[in-house]
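Participant: Protein chains in written order, with the numbering used here: chain A, 1 to 306; chain B, 1001 to 1731.
Think of the hints as simulated: they come from the structure by calculation, not from any bench.
Idealized CB from N, CA, C, for every residue including glycine.
Hints may contain errors.
[Stated by the list, open to error] Here are the computed distance ranges between Cβ atoms for each label pair: (1) A:Q184 - B:T1134: 40 to 46 Å; (2) B:R1088 - A:D136: 39 to 45 Å; (3) B:K1203 - A:V54: 42 to 48 Å; (4) A:D248 - B:V1067: 37 to 43 Å; (5) A:K247 - B:Y1308: 48 to 54 Å; (6) A:I188 - B:V1133: 37 to 43 Å; (7) B:R1259 - A:K247: 34 to 40 Å; (8) A:P215 - B:G1270: 29 to 35 Å; (9) A:V54 - B:R1259: 50 to 56 Å; (10) B:R1088 - A:V54: 25 to 31 Å; (11) B:L1315 - A:K247: 54 to 60 Å.
[As the list claims (entries may be wrong)] Think about it this way: if two alpha-carbon atoms lie no more than 25 Å apart in a straight line, the pair counts; the simulated DMTMM-like pairs of lysine to aspartate or glutamate are: (12) A:K186 - B:E1241; (13) A:K244 - B:E1608; (14) A:K247 - B:E1241.
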Amino acid sequence: MKKILVVCLLIACAIYSRSQKIVFTTHWLPQSQFAGFYAASVLGFYAHEGLDVVINHPNANESAFVSLKDGKSNIVMLYLSEALFMRSKGFRLVNVMQLSQQSGLTFVSHRKLNSMTDLNKYRVGIWNYVNLELLDIICRRWKVDAKKIIRFNSGINPFLSGALDVQIMTTYNEFVSLRECGFQPKYIYRFQDWGYKVLEEGLYVTENFYKKNKPVVDKFVRATRRGWEWANTHRDKMLDIVTKRMKDSHVASNRYHQSRQLDEILRLQVNPVARKRTFALSQSDFENALSIFQMKGKFQYHDFVK
Amino acid sequence: MRKIKGFFAARLSLFTIVSALVIFSILFSVFYNITKKQNIETTISATLSLLDNMQLQIDGRLSSVQVSVNNVSWMFDETVTDSQKINRILRQRLVNNTFLESSFIAFAPHYVSSQGKYFMLTAIRDKGLIKFVTRGDELDDYFTRDWYLIPFLLKKDYWSEPYFEGNERMCTYSHPLVDKKGRVYAIFGASISLEKFASIVEKLQPIKDSYSFMISRNGYYMTHRRRDRILNETVFSLGYEAKDTAMISIGKAMIAGHRGYVKFNNEVDGVNVESYAFYSPIPSTGWSLCTVCPEKVILSSLNRTLQYIMMLFALCIIIFFIAMVFVSRKLLNELKVSTSANERINSELHIAQSIQMGMIPKIFPPFPDRSDVDLYAFLRPAKEVGGDLYDFFISEGKLYFAIGDVSGKGVPASLFMAVTRSLFRNIASQGFSPSKVMQMMNSSISENNESNMFVTMFISQLDLDTGRLVVCNAGHNPPIIVHKGSQQAGYMKIKKNLPVGLMPDFLYHEEEHCLIPGDGLLLYTDGVTEAENEKKELFGEKVLLEVVRRSSSCDAFHIIEAILNEIERHVGQARQSDDITIFSFCYVPGFDSYKKQLLIENRCEDIEKLTTFVDELAEDCCIDMKMQSQLNLALEEAVVNVVNYAYPKGTIGEIDLLVTSPDKESLTFVLSDSGVPFDPTKVPEADVTKSAEDRPIGGLGIFLVRKIMDSVIYRYSNGKNELIMKKRINK
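Just chain A, same shape as in the assembly (with noise of 0.2 Å):
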């Protein structure tokens, strides 16, 4: 390991002076949901494309939409709802990779929900990042009242203290923490099986730094892509290189979690019709995107997908 930490370095500083300064920021805090990213960059993929990127993470009170908007950041991590809703609104951002092929979100609760619907009879979490406006469309698709939900920072605490019956979790990592707690969830309910179909973990920059950096942009996700693929093949490894990122952010966790968060955001990578990962948003997956928020037509998957 550190052989090959030294021959990055030595890759890394020879390329140095020649190689394009990219910032790229993640959706959430260190874990292994980005694994792939600091492969990428421990290993000197991005560095053999001439590039020099600087991996970000936001605060829980941060978001990676606000730092693309206001340029602190060439590359961001957006859900794929976040950014139509975004591109609705007339903020011209396209995706340039696509990482979950199959939503990680669910809904855990402490009592049985027969339909969508049955969510205005408890007390629902979801976190507070979540685009209010966003929400609303959501809860009106599923006739929710949105007003009855109940905005929340992180964690499981609230749901666990009974503060919650009905809590939004992603399956890499508060389902991974329930279980950590000593607590086997009875009722979940993957967004999906309900018809809520829409991906997360997509890779987004403006329309504007694409047209002007496609190349480096291409380069980027290449080297990406090649960082997953590594970490698909040397979990154990990976794991070594997540967990001292995150000692070294100095943000609490352990192996257990990270190496079952690790698998699951592998599986969800995998396209379950094409049956591998194809790294990229299939005009499928836009389209139905599309319909749930009633936005078809608005604008054209070639136009949003790179």
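Once you've looked at the hints, dock chain B against the given chain A.
Facilitator: Structure of chain B alone, referenced to chain A:
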């Protein structure tokens, strides 16, 4: 020999020590298990008490926080929104309770309209001073934070999950303030540092090598000897990663608020260590304390004691072994001396046996030049030497034979037997009758009999020419008399006198019998009839008689052989308990060399057959005319006597006349009938000096018989009258 002795002593010692070791191991194992159980129970009780004590300390601190907040919550009347006034209250909290790091109040959105959506005031302890901070904006949206949201929704007090603030572990207590309509309008609370708790828990070490930790309501390590686990790992994350089901079970019991203990395999640096986990909850926060103690540490004091005992025991065993070898050698020396003495005694006994056996005649046939005596004897002592005896000799045409059984066994009996045998030989050889011999022996033995021993004896004197047998029995078993080649045999009815040696002046009686050729006598000691088998059943006189009767011929050796075989079969594996002596004698003076028989009935006309019979006999044996007419006269008288008187009138009976001659020098006539018992020899002899008119009727016939024959003897045997007459011919 020395090597063998050493080896034997070592082996004996080793066996004893191994036995001692086994017993010690069993006892010690029981003791150890009982003590181990008690030790563990004591540790469990002591550790749980310590944890309870710790829990009380922590709970006390936490209660002080709750009291600090709850006691003044009434001051935040819903109308109180004055920042300065609030800050005074918050400040006072920190002044009154130095345990608090900060105190705060966070109002619900837009509760204080002048402050906008967010209004939160905080008093923070900072390097000994108290600072006031106002918080809340779009980026610091405190309404979504656990410490606000959870008590707000639940409308009850809430201890947050521990969290890091810098390097310090912190925890926040929140108390919702509720207005008159039951709506929460603010959260009032305080934060504390957990570092002091942590140090108390981390120092908790009830036993050497044990360690303690505390987990949060959700299972996160709040304290642990491995700092990297604190607020990073949960008991479950470690349990699932290590696939340690025991740890998961312990975690579940702890977060469920249980108090107790469990034994489990604790993995320490890749090594499984049998350990105990003791846990006790802190009810106010849902946290739980746990102490882990390796079992070997709990048992270390016991194990140390065990080591001392084992060492002491090993020492004792070595000393014991040396002592055992020493004692064994000494005992073996004594045994060796004893064995030598025993061997010497055995050797001497063998010699004594040879001497004793040499006293009695053992060469058979004893009189090879005589054809009229068939004799065989057998003696087998129960021990090396015995008290049985037999003896015989011929003196002046008379065969003396005796059998005896001395009271007791072994050496004393054998010495007594030697004396008895010598006396018999010395006295009998002087030609005394059996009763006289017995009497003299009795006098001699009784005089110096200080040991009060006695001997049963049977002494016989047989005139080999005439078959006259004189016997004297001194308390001995009655002999079996065998007639005519054992076809008929029975116990001799004879008076028992006192055994020899009991009464010096006792007068012994003798009896007289007559043996005809082919008759025999079987003498024996009680060792024969009282031979016991394993069921303690006696051989018995009845069986003895049957064996004799079964013997097909009058052969002394074969009779004894048949008896011994039968005894052996009866006794089986049982040990011989008494001396066995058997003496068998057959009187065979020319038996079977000449034999002629006449069978007639008690009819007068049959008497004529007698004349023909005598004629043929005379011719066969070359008897002269004179002798022939004499024999004819005597036999006719005897036969007529039987024809006339033996059977009741009108009944037909058989009369048997058997004549034998072994050497053609003498004839023996046996006239037998099954009629009324009658001894003609008892009839008074006729006075031939008187005239025929003066003489009483009868008696003349027997007179003639006696006159003509050399000897006339009567006996009644097996339901038959037998008149035995002998006549020498060719003189």
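Participant: Hint by hint, note whether the structure agrees.
Facilitator: Now the hints, each set against the structure:
no.	hint	result
1	A:Q184 - B:T1134: 40 to 46 Å	42 Å, holds
2	B:R1088 - A:D136: 39 to 45 Å	43 Å, holds
3	B:K1203 - A:V54: 42 to 48 Å	45 Å, holds
4	A:D248 - B:V1067: 37 to 43 Å	41 Å, holds
5	A:K247 - B:Y1308: 48 to 54 Å	50 Å, holds
6	A:I188 - B:V1133: 37 to 43 Å	41 Å, holds
7	B:R1259 - A:K247: 34 to 40 Å	35 Å, holds
8	A:P215 - B:G1270: 29 to 35 Å	51 Å, violated
9	A:V54 - B:R1259: 50 to 56 Å	52 Å, holds
10	B:R1088 - A:V54: 25 to 31 Å	48 Å, violated
11	B:L1315 - A:K247: 54 to 60 Å	58 Å, holds
12	A:K186 - B:E1241	22 Å, holds
13	A:K244 - B:E1608	153 Å, violated
14	A:K247 - B:E1241	19 Å, holds
Of the numbered hints stated above, those contradicted by the structure are hints 8, 10 and 13, listed in ascending order.
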